[in-house]
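Novice: The primary structure of each chain is shown beneath.
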Amino acid sequence: MTMDNDMMNFEHAASMGLSEDEWQLINKRLGRVPNLCELGIFSAMWSEHCSYKSSKRWLKTLPVDGPHVIEGPGENAGVVAIGDGLAAVFKIESHNHPSFIEPYQGAATGVGGILRDVFTMGARPVALLNALRFGAADHEKTRHLLSGVVLGIGGYGNCIGIPTVGGEVNFDPSYNGNILVNAMAVGLANSDRIFRSAATGAGNPVIYVGAKTGRDGIHGATMASTEFSDETESKRPTVQVGDPFTGKLLMEACLELMASDSVLSIQDMGAAGLTSSSVEMASKGGLGMEIDLDLVPAREEQMSAYELMLSESQERMLMVLKPDATDVARAIFDKWDLDFMPIGQVTDTGRLVLLKDGGTACDIPIAPLVDDAPEYDRPQADVPPRPVIKSGDIVETGRISDILRLLMGTSDLASRRWIYEQYDSQVMADTMAGPGGDAGLIRVHGTNRGLAMTTDCTPRYVEADPKTGGAQAVAEAYRNITAIGATPLAITNNLNFGNPEKPEIMAQLAQSVVGMGEAAKRLDTPVVSGNVSLYNETDGVAIQPCPVIGMVGVIDDVDRAIGSRFTTAGQDVVLLGH
Amino acid sequence: MSMSAMRVVIAVFPGSNCDRDMMVAMEQLTGRRPQLVWHKESTLDPVDLIIIPGGFSFGDYLRCGALAGRSPVMDAVMDHAARGGAVLGVCNGFQVLTETGMLPGVLLRNAGLNYVCRDTRIKVAETITSPFTSGLAAGSELTIPVAHNEGNYFASDDDLAKLEDNGQIAFTYIESDIHGPANPNGAARDIAGIVSANGRVMGMMPHPERAMSPALGGSDGALLLSACLEALAS
Amino acid sequence: MQVVVNISLKEGVLDPQGRAIEHSLRGLGFQEVSEVRVGKQITLDIDESDPARLRQRVARMCETLLSNTVIEDYVIDIVEQE
Amino acid sequence: MQVVVNISLKEGVLDPQGRAIEHSLRGLGFQEVSEVRVGKQITLDIDESDPARLRQRVARMCETLLSNTVIEDYVIDIVEQE
Ligand SMILES: Nc1ncnc2c1ncn2[C@@H]1O[C@H](COP(=O)(O)OP(=O)(O)O)[C@@H](O)[C@H]1O
Chain L
12 MTMDNDMMNF EHAASMGLSE DEWQLINKRL GRVPNLCELG IFSAMWSEHC SYKSSKRWLK
72 TLPVDGPHVI EGPGENAGVV AIGDGLAAVF KIESHNHPSF IEPYQGAATG VGGILRDVFT
132 MGARPVALLN ALRFGAADHE KTRHLLSGVV LGIGGYGNCI GIPTVGGEVN FDPSYNGNIL
192 VNAMAVGLAN SDRIFRSAAT GAGNPVIYVG AKTGRDGIHG ATMASTEFSD ETESKRPTVQ
252 VGDPFTGKLL MEACLELMAS DSVLSIQDMG AAGLTSSSVE MASKGGLGME IDLDLVPARE
312 EQMSAYELML SESQERMLMV LKPDATDVAR AIFDKWDLDF MPIGQVTDTG RLVLLKDGGT
372 ACDIPIAPLV DDAPEYDRPQ ADVPPRPVIK SGDIVETGRI SDILRLLMGT SDLASRRWIY
432 EQYDSQVMAD TMAGPGGDAG LIRVHGTNRG LAMTTDCTPR YVEADPKTGG AQAVAEAYRN
492 ITAIGATPLA ITNNLNFGNP EKPEIMAQLA QSVVGMGEAA KRLDTPVVSG NVSLYNETDG
552 VAIQPCPVIG MVGVIDDVDR AIGSRFTTAG QDVVLLGH
Chain P
1498 MSMSAMRVVI AVFPGSNCDR DMMVAMEQLT GRRPQLVWHK ESTLDPVDLI IIPGGFSFGD
1558 YLRCGALAGR SPVMDAVMDH AARGGAVLGV CNGFQVLTET GMLPGVLLRN AGLNYVCRDT
1618 RIKVAETITS PFTSGLAAGS ELTIPVAHNE GNYFASDDDL AKLEDNGQIA FTYIESDIHG
1678 PANPNGAARD IAGIVSANGR VMGMMPHPER AMSPALGGSD GALLLSACLE ALAS
Chain C
9 MQVVVNISLK EGVLDPQGRA IEHSLRGLGF QEVSEVRVGK QITLDIDESD PARLRQRVAR
69 MCETLLSNTV IEDYVIDIVE QE
Chain W
9 MQVVVNISLK EGVLDPQGRA IEHSLRGLGF QEVSEVRVGK QITLDIDESD PARLRQRVAR
69 MCETLLSNTV IEDYVIDIVE QE
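So the protein lines, in turn, are chains L, P, C and W. Counting in our numbering, the first sequence runs from 12 upward without gaps. Counting in our numbering, the second sequence runs from 1498 upward without gaps. Counting in our numbering, the third sequence runs from 9 upward without gaps. Counting in our numbering, the fourth sequence runs from 9 upward without gaps.
Keep in mind that the hints were calculated from the coordinates and are not lab data. Take the hints with a grain of salt, since some may be wrong.
Across the chosen pairs, the derived CB separations fall in these ranges [what the hints assert, rightly or not]:
#	chain 1	residue 1	chain 2	residue 2	range
1	C	R61	L	A25	54 to 60 Å
2	C	R27	L	D567	24 to 30 Å
3	L	S271	P	D1542	26 to 32 Å
Dumping the calculated DSS-like pairs for lysine-lysine here, alpha-carbon to alpha-carbon at most 30 Å [unchecked claim]:
#	chain 1	residue 1	chain 2	residue 2
4	L	K67	L	K223
5	W	K18	L	K223
6	C	K18	W	K18
Computed from a predicted model, the values in this text were never measured in an experiment. Note that CB positions come from ideal geometry on N, CA and C, so glycine has one too.
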């Protein structure tokens, strides 16, 4: 067995997904060879999932500012003002690979993770949405994956008590071996009570709260950044188990604590767990952090530093408290029966120092983990857009009523009721429009204002012409928000693509982001948060590109919202547009 | 006593998630905010109505309502009921009431094995005698949503016969053109809600607190709740 | 001592989950299957060395919490410690 | 033949249900309890008299449907017929 303090070589680095150049750079930055724990931290932070190394260059081209933007990309979730001193806080995130391996737990932990991203910012989550892609409806795995994912989304969302008000599902053989499970959460906060993750004040206590750390999900961030093969199926024990009950307690405890004016900064432990949370907090604050790993509440015995740092056990948070607030905070977490443990402190050394068993398990500078994370301008091979199909060129081959019946029976157009009746769409008693319409609509509790929200993408358009397809997804989301009577405000997006090291995939990614950015600029809907999921391939076959748009809009008076149903016989039906 | 003078308490368990919805609904009807009581409290001041709200108390682990049914506050609730006090359990609250034995039977997993969230049409039983329904016309119909995974009411044949004979069945699911098949969960005799032998403890699966205004999918829930508040107040 | 409690639905109580599993198994070609029933198995470590007292305590746990005697039966198994 | 399949969570897999039950038992005064884990017990009647083949068929059922081998282990018990 490799020990935490054993020195590593390039083979070890390669097995963690690092390239030769990246390995050399680590040695240079450290001035020495890293040990296992340190290498694990570098490989997680430099993984595609955490570093955005292939997409960063393109994400920078997206419009992120606007008069109502309070927080753009870079925090746990985006924040926009919606009037009356209130803010909508939202983000979308993928859980594709875990959901393929274990659909129920994969989808459930996806929902749990995105909810933590939102309440970490100080917002109470008020709605969930999702965007799902499965293989062909008649593929042998589809039924099992679809029902597992739907159960998992409902299992977490229903239990924690946040309504699922919208989503989309499509089927295509390209997802046979790699489904997409994207979950979006929307929360509400006071604009002047937004919490951020940058650590402040050397000497301030670093607190671990929530569930205990186990050996689950170790190296999930790396897994999310590699292609699938038969071999990954055997890496299965990395699946995490969601616990919506503890998730609910953690949410209530955190919101209660945030109301008490004790929290300086806070970050959820998502991908790469304690590693990314501690590194991001310290790095954003331009500070360092020292953590005594022997104090981390562990579920299993004899966990190594490497395992503690890379575990992706669910329902955990890291925070920096005001020095005199520890007792108040502890009382709140005791009330909710959650672990609460000061595990270290903020330092001004700019280093991440981890203590374990009386020794030092890790001592590395933080800046390179973030600033020196590789950034690639990967080559693109433009594929010429497919010719536009003109509707006039299509020859009708049967009676229109038969064709309509045929269309309504296809997996892409069939009713989604079987799915969304399994989601609680009404809990919190503010749902004005649930699933089944153009957009979900939630009344802002205690006001007459409403938040409209939707998720959209049409992968075959993106495949046919990435730039237009990227723009189209924005336009479609915009139409859905306006159709309910709301004014679109801002976007979150989830870029689901294949292997970016293939030039034609890279072109899909880059060009669709360009199209998305242009549309977002024109429509005045800046991108305030998002997520990237690459390497969605199985045995070398890529998925249909799927840059999902999540959009949020506001309506000042919910009584003026418009439904999508015909309400009485005799009304005129009008076709707008062309 | 007027409705606004009523003292209403809502018991809150870790994992309850319709507690606020019920509080808002009660405030809308009575003009007064009910008190929320944490599950660790083992005594309660005298009150007129205790509500056990919906949600997933204790994550629905072991059996729905089982862990909540054994928490300290339920001792106080049982004392209150033993003195003839009124108790209303909605959804998970209904499950808690059967788990403590305050109501007969048990709520099994839905026959379709899936969680179901949709509007249902329910009918006030013709034979019911309880303050909870005395303000509603026997046989009248209401549209109220359900949202649950375990709403499949089950009791022994003897118990079912007793419920029927004593007029303890409060609501049954009925067929409707808009809302589809009558019974969403396979419940015995289409039971959606029952009351205790003295009529003062009621459990129901549908969520009246979610049907409080036309904009939020109907106001039959407000009708139901205000009828029972009025009856309990008089 | 390690104790295993098996909790099963009483005879006559409908077991929709068991029925669904049976249906799926047959659908998958396991035609030889019938009468599928699903129960719970709860394992506990109990700090009590006297077997009689141990059994009595666990029975109390079953009656007060672990099983719902309206619909469930339970069986207690005491696993000898290695 | 009657067959009992016990399905339990793999070691190291979080068992939130077991934790909640343990917590509740202690709250009810059963302080002697620890390490509560919850599994499933599935009972099936199987029309197959050859024990080797029976075991093999049931193992197949476990792998394809009854257990989720990502997070669960299973044990097959063949109950002799009376
Ligand atoms: N496609 C994207 N468009 C805009 N912002 C993005 C995109 N992908 C990621 N981001 C932003 O980059 C930051 C890091 O995202 P992520 O690593 O997913 O955060 P975490 O893992 O903490 O949830 C977030 O602020 C996110 O909003």
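Novice: Now tell me, hint by hint, if it's right for this structure.
Specialist: To see whether the hints hold, each was checked on the structure:
1. Between R61 (chain C) and A25 (chain L) the C-beta distance comes to about 59 Å, which sits within the given range of 54 to 60 Å.
2. In this structure, R27 (chain C) and D567 (chain L) break the distance hint of 24 to 30 Å, their C-beta atoms being roughly 51 Å apart.
3. Taken as a hint, the range 26 to 32 Å holds for the pair S271 (chain L) and D1542 (chain P), whose Cβ atoms sit roughly 27 Å apart.
4. A C-alpha spacing of about 33 Å is found between K67 (chain L) and K223 (chain L), which places the hinted pair above 30 Å, so the restraint is violated.
5. With a C-alpha separation of about 17 Å, the suggested pair K18 (chain W) and K223 (chain L) falls inside the 30 Å cut-off, and the hint holds.
6. Restraint check for K18 (chain C) and K18 (chain W): the C-alpha separation of about 28 Å stays at or below 30 Å, so the hint holds.
Comparing the model with each numbered hint stated earlier shows that hints 2 and 4 do not hold.
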